[in-house]
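Asker: First to last, the sequence lines map onto chains A and B. Reminder that position 158 of the first sequence reads as 158 in this note's numbering, one-by-one numbering, no gaps. Reminder that position 31 of the second sequence reads as 31 in this note's numbering, one-by-one numbering, no gaps.
Since the hints were made in silico from the structure, they are not lab data. Check the hints yourself; a few may be wrong.
Restraint-style ranges between C-beta atoms, simulated for each label pair [what the hints assert, rightly or not]:
id, chain 1, residue 1, chain 2, residue 2, range
1, B, 90, A, 169, 41 to 51 Å
2, B, 44, A, 7, 26 to 36 Å
3, B, 30, A, 136, 49 to 59 Å
4, A, 169, B, 213, 49 to 59 Å
5, B, 293, A, 212, 45 to 55 Å
6, B, 281, A, 283, 54 to 64 Å
7, B, 28, A, 259, 38 to 48 Å
Below, computed lysine-lysine pairings styled on DSSO-like, alpha-carbon distance capped at 30 Å [claimed, not checked]:
id, chain 1, residue 1, chain 2, residue 2
8, B, 268, B, 175
9, B, 106, A, 171
10, A, 248, B, 171
11, B, 292, A, 171
12, A, 248, B, 106
13, B, 248, B, 299
14, B, 175, A, 175
15, A, 106, B, 106
16, A, 171, A, 141
17, A, 106, B, 248
18, A, 37, B, 268
19, B, 292, B, 263
20, B, 171, A, 106
21, A, 263, A, 48
22, A, 141, B, 141
23, A, 264, A, 175
24, B, 14, B, 175
25, B, 175, A, 37
26, B, 248, A, 37
27, A, 141, A, 299
28, B, 7, B, 248
29, A, 263, A, 207
30, A, 263, A, 292
31, A, 141, A, 248
Just so you know, even glycine gets a beta-carbon here, dropped at the ideal spot from N, CA and C.
2 protein chains.
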Amino acid sequence: MGLFDIKGYLQENKQLIDEALDGLLPAQDVFPPQVHKAMRHCLFAGGKRLRPILACAACRAVGGDPGVVVQEACALELIHTYSLIHDDLPAMDDDDYRRGCLSTHKVFGEAIAILAGDGLLTEAFAVLTRGFRNTPHAPEKLLEVIHLVAEACGSRGLIGGQVVDLESEQKVIEKDLLEYIHNNKTGKLLTASVLLGALLGGADRDKTGRLEQYGRAIGLAFQITDDILDILGSTEELGKKVGSDLDKGKATYPGIMGMDASKKMQQKLYEDACSALEGFDEKAEPLRAIAKLIVERTK
Amino acid sequence: MGLFDIKGYLQENKQLIDEALDGLLPAQDVFPPQVHKAMRHCLFAGGKRLRPILACAACRAVGGDPGVVVQEACALELIHTYSLIHDDLPAMDDDDYRRGCLSTHKVFGEAIAILAGDGLLTEAFAVLTRGFRNTPHAPEKLLEVIHLVAEACGSRGLIGGQVVDLESEQKVIEKDLLEYIHNNKTGKLLTASVLLGALLGGADRDKTGRLEQYGRAIGLAFQITDDILDILGSTEELGKKVGSDLDKGKATYPGIMGMDASKKMQQKLYEDACSALEGFDEKAEPLRAIAKLIVERTK
Chain A
1 MGLFDIKGYL
11 QENKQLIDEA
21 LDGLLPAQDV
31 FPPQVHKAMR
41 HCLFAGGKRL
51 RPILACAACR
61 AVGGDPGVVV
71 QEACALELIH
81 TYSLIHDDLP
91 AMDDDDYRRG
101 CLSTHKVFGE
111 AIAILAGDGL
121 LTEAFAVLTR
131 GFRNTPHAPE
141 KLLEVIHLVA
151 EACGSRGLIG
161 GQVVDLESEQ
171 KVIEKDLLEY
181 IHNNKTGKLL
191 TASVLLGALL
201 GGADRDKTGR
211 LEQYGRAIGL
221 AFQITDDILD
231 ILGSTEELGK
241 KVGSDLDKGK
251 ATYPGIMGMD
261 ASKKMQQKLY
271 EDACSALEGF
281 DEKAEPLRAI
291 AKLIVERTK
Chain B
1 MGLFDIKGYL
11 QENKQLIDEA
21 LDGLLPAQDV
31 FPPQVHKAMR
41 HCLFAGGKRL
51 RPILACAACR
61 AVGGDPGVVV
71 QEACALELIH
81 TYSLIHDDLP
91 AMDDDDYRRG
101 CLSTHKVFGE
111 AIAILAGDGL
121 LTEAFAVLTR
131 GFRNTPHAPE
141 KLLEVIHLVA
151 EACGSRGLIG
161 GQVVDLESEQ
171 KVIEKDLLEY
181 IHNNKTGKLL
191 TASVLLGALL
201 GGADRDKTGR
211 LEQYGRAIGL
221 AFQITDDILD
231 ILGSTEELGK
241 KVGSDLDKGK
251 ATYPGIMGMD
261 ASKKMQQKLY
271 EDACSALEGF
281 DEKAEPLRAI
291 AKLIVERTK
């Protein structure tokens, strides 16, 4: 099991996703070019493609063909990128850098950045339904996936998390509220990514439930790792400024629980993720390796 | 035919849509309340509910039961409202008033206004798929509707129109470009509204095509009327400042073609809309009356 080449797997899948994204998004000279350039700027500035890769890995884990969920998986990356563009705006987190490049509003101005974000979010739903007449998926399954994605990134999901995150700046907050922020801002879309792959891969109810547990565990683990890296990482590796959470008076797990307890929680969540995958065969190896990577990553 | 009570029809349908919107959107005390209050602020500040009403009227025109498309029709109003909130932002059109009330960012601040817009857009797709297991619509039809709505309001639709509108401020532009702006910023979502009702109402290909023509005609007529009213209307009736297009150096039909030619074009588009409805029976009366109202409205 330890021999599974996760680096190769991630690299290969990232390339697959990047190519698919390039084909799905309007070319940068499509009229009006300014907004299409902006939509592509942040999307192709970098990014690990974690959400689409999780979707493909979950599809494989339940015995499905990951190739047939690539298009739907790309919608997740479009949504993630829209959220980054909007989060970076001056009215929000006011970040000048993202994925190691100037953020979208620094290059294209605020108006185009807002519209590029809107465009990516809208495009996600166009992509989820593109070619719906020839899709290998049952139409009911696609509707289920669209619904769960929309709920995950709505005002009681990703957007709600960002709202509370903004409102909590410069405030002392409890662990419960921090968990709400992380669970909504990051966790729900990661979980939706896993579920998208599971549902379209034909998972039964039991496996879907287990993968949901897996998604929740790695979602929170991912964010705790982010918080830890914001303190211990390097700007060069992260592609954004280290200590920026502290600068903004943002609450973090190490800030609330201390570094040791945060690392313990990270480890516990990793174990939860692995437990959720008990009963899955070697096809779930990428999911196991991703969970490990999430807590061990340095950027 | 002239006896059709369009005022009563609109009033009744507006009430139906308002009640449905209220039931579909998270209550304003749902956590986090700030964003849900903001989402409701602009949505319930007023609005004619033209898009949902068009969807219901188109459904009726093809012999469907308008009651069964109310939920999907509401998604159109959520999208329209998100576009208003984002358009009004300081980085965009910078408007302080909307629907006769303070615009969302004036009341809740820019960050929450951006997020409330994002929330409404996302909620639209959640609403289009809510209860998908018990919907009276065929899943393929719903997917088709979701796709056409997403295309209509994407970067080659509504968002593209706003991009070009912003870029054209203080510039002399040709009639073609103005038509691009209006067709994309307003026309495509209005057309999608008509098509949503037609498709879910069970229209055949011929009727769908004719309703698409109708949608295009009233879409452009609507915007020309807007331009005319911006010059001739009163602030009180419009709920926004008269002459604001001129103030911003925005191109308008009267500005490019003159008032007389604009009024002639308005009349021609009304006739096109009516021609498109030839072959429809009295069930299309609301659509005919709406076309008339669009060119005769004073607010």
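Asker: Indicate, hint by hint, whether the structure satisfies it.
Answerer: Verification of the hints:
1. For residue 90/B paired with residue 169/A, a C-beta distance near 21 Å fails the hint of 41 to 51 Å.
2. For the hinted restraint 26 to 36 Å between residue 44/B and residue 7/A, the CB-CB distance of approximately 53 Å leaves it violated.
3. Under the hint 49 to 59 Å, the C-beta atoms of residue 30/B and residue 136/A, about 37 Å apart, miss the expected range.
4. Checked against the hint of 49 to 59 Å, the pair residue 169/A and residue 213/B passes, with Cβ atoms roughly 52 Å apart.
5. For the pair residue 293/B and residue 212/A, the supplied restraint of 45 to 55 Å holds, since their beta-carbon distance comes to about 49 Å.
6. Hint check: residue 281/B to residue 283/A, Cβ distance near 58 Å, so the stated range 54 to 64 Å holds.
7. Checking the proposed 38 to 48 Å range against residue 28/B and residue 259/A shows it holds: the Cβ atoms sit about 39 Å from each other.
8. The hinted pair formed by residue 268/B and residue 175/B meets the criterion: a straight-line CA distance of about 16 Å does not exceed 30 Å.
9. For the hint linking residue 106/B to residue 171/A, the alpha-carbon distance of about 24 Å falls within 30 Å, and the restraint holds.
10. Distance check on the hinted pair: residue 248/A and residue 171/B sit about 40 Å apart at the alpha-carbon level, beyond 30 Å; violated.
11. A hinted pair counts as satisfied when its Cα atoms are at most 30 Å apart, and residue 292/B with residue 171/A does not qualify at roughly 56 Å.
12. The straight-line distance between the Cα atoms of residue 248/A and residue 106/B is roughly 24 Å, inside the 30 Å bound, and the hint therefore holds.
13. For the hint linking residue 248/B to residue 299/B, the alpha-carbon distance of about 20 Å falls within 30 Å, and the restraint holds.
14. The suggested pairing of residue 175/B with residue 175/A is violated, with an alpha-carbon distance near 58 Å, which exceeds 30 Å.
15. For the given pair, residue 106/A sits about 24 Å from residue 106/B by alpha-carbon distance, which is consistent with the 30 Å threshold.
16. Of the pairs offered as hints, the one joining residue 171/A and residue 141/A is violated, with about 42 Å between alpha carbons and a cut-off of 30 Å exceeded.
17. A C-alpha spacing of about 24 Å is found between residue 106/A and residue 248/B, which places the hinted pair at or below 30 Å, so the restraint holds.
18. Note on residue 37/A and residue 268/B: the hinted pairing is violated, with a Cα-Cα distance of about 38 Å set against a maximum of 30 Å.
19. For the suggested pair residue 292/B and residue 263/B, the alpha carbons sit about 13 Å apart, so the restraint of at most 30 Å is met.
20. Of the pairs offered as hints, the one joining residue 171/B and residue 106/A holds, with about 24 Å between alpha carbons and a cut-off of 30 Å not exceeded.
21. Our distance criterion of 30 Å between C-alpha atoms is met by residue 263/A and residue 48/A, whose separation comes to about 23 Å.
22. Note on residue 141/A and residue 141/B: the hinted pairing holds, with a Cα-Cα distance of about 14 Å set against a maximum of 30 Å.
23. Between the alpha carbons of residue 264/A and residue 175/A the distance comes to roughly 15 Å, so the proposed pair stays at or under 30 Å and holds.
24. Using a Cα cut-off of 30 Å, the hinted pair residue 14/B and residue 175/B is violated, with the two alpha carbons roughly 34 Å apart.
25. Under the criterion of a C-alpha separation no larger than 30 Å, the hint pairing residue 175/B with residue 37/A is consistent with the structure, at around 25 Å.
26. Of the supplied pair hints, the one linking residue 248/B and residue 37/A holds, its CA atoms being roughly 26 Å apart against a limit of 30 Å.
27. Distance restraint check for residue 141/A and residue 299/A: the Cα-Cα separation of roughly 35 Å exceeds the 30 Å cut-off, and the hinted pair is therefore not satisfied.
28. Restraint check for residue 7/B and residue 248/B: not satisfied, since their Cα atoms lie roughly 34 Å apart, outside the 30 Å limit.
29. A hinted pair counts as satisfied when its Cα atoms are at most 30 Å apart, and residue 263/A with residue 207/A qualifies at roughly 28 Å.
30. For a cut-off of 30 Å, the pair hint linking residue 263/A to residue 292/A stands: about 13 Å separates their Cα positions.
31. Restraint check for residue 141/A and residue 248/A: the C-alpha separation of about 42 Å exceeds 30 Å, so the hint is violated.
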